[in-house]
Amino acid sequence: MEQLHLDTGALSHAYLLIAEPEAGYAAAQALARAMVCSAPEGQARPCGRCRDCRKAEKGIHPDILTVERLTDDKGKPRREIYVEQIRDIVADAVVVPNEAERKVYIIRFADSMNAAAQNALLKILEEPPRFVSFILVAASPAALLETVRSRCVTLHRNGEDAAPTPQARELAEQYLSFAASGAGISLLSFANENADLSAAEMTEFVAAVRALLTDMLCARLPDMRMSGADMLRLAALMDKAETYLRFNVSTRHVLGLLAVDTIPLPESDSM
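Taking the working numbering, the leading residue of the sequence shown gets 1, the next gets one more, and so forth.
Just so you know, these hints were derived from the structure itself, not from any lab.
For every residue, glycine included, the Cβ atom is placed at its ideal position computed from N, Cα and C.
Any given hint could turn out to be false.
Per label pair, the in silico range of CB-to-CB distance [said to hold, decoys possible]:
1) F247 with S38: 36 to 46 angstroms
2) T165 with P62: 37 to 47 angstroms
3) E99 with N119: 29 to 39 angstroms
4) G184 with G59: 10 to 20 angstroms
5) S38 with A200: 36 to 46 angstroms
6) V90 with K240: 45 to 55 angstroms
7) D72 with A200: 40 to 50 angstroms
Let the sequences and hints guide you as you build the complete structure.
Below you can see the structure in the form of structure tokens.
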């Protein structure tokens, strides 16, 4: 069973899972199961034993809701997710969860939402209830509004054709190894040694880190002694790095950001 170590207080309100439909939906379900699991904090989730896990595994948990394309009279999926569907979940999202501590909405084929639907979703992404998380599954994230993408932590489940370059993967593995071991000095050295990376190489590195984090979250790779909460925090940090790169912030400065923000320091050590 895919298990995470999640601190529910550290969860983001929205995740964008970039993947092919079936693999993406399976990963979204695994993340949703972990979110509603009622195992004590610090234990692996989903535990597979609690009432929430058992219901989620059977697909009958009332606090995991899936939105997808409606079907036509012939049973074929329509091309779009319509605004009325999103308005329904926006109205439902303000209602407290039925059984779990968190309510999770999985939006399959999120890239098929029409513009009106995306704008309706944006309103609740901007001011979400504290007990709600959204998981958007999209194979073509470019079809989503930038304002929607920017409010989600991005996870990327790679296919073979989207695998990172060997250099990017090697750098990503080094970075995550230092992050997992809490090696702050090593992270600073890593940033200094790679300060000459081009913007394109840095973008590939960020994508490789995100891909490895997603594989770790989905239990396809060892977790390197890193909790699920830390993985999700680093995924959010990769989003920040990607934003800086888009605004032409230098590689040196972006790596400096990563070196400083990767390991949260105790207040007494942050002088």
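Outcome of the hint check:
In this structure the hint that F247 and S38 lie 36 to 46 angstroms apart at CB holds, the actual value being about 42 angstroms. Distance hint check: the CB atoms of T165 and P62 are about 44 angstroms apart, consistent with the given range 37 to 47 angstroms. Between E99 and N119, the C-beta spacing of about 31 angstroms keeps the proposed range 29 to 39 angstroms intact. In this structure, G184 and G59 break the distance hint of 10 to 20 angstroms, their C-beta atoms being roughly 44 angstroms apart.
Distance hint check: the CB atoms of S38 and A200 are about 45 angstroms apart, consistent with the given range 36 to 46 angstroms. Separation of V90 from K240 is about 27 angstroms and departs from the stated range, judged on CB atoms against 45 to 55 angstroms. Distance hint for D72 and A200: a CB-CB separation of about 44 angstroms, consistent with the stated range 40 to 50 angstroms.
Of the numbered hints given earlier, the model fails hints 4 and 6; all others are met.
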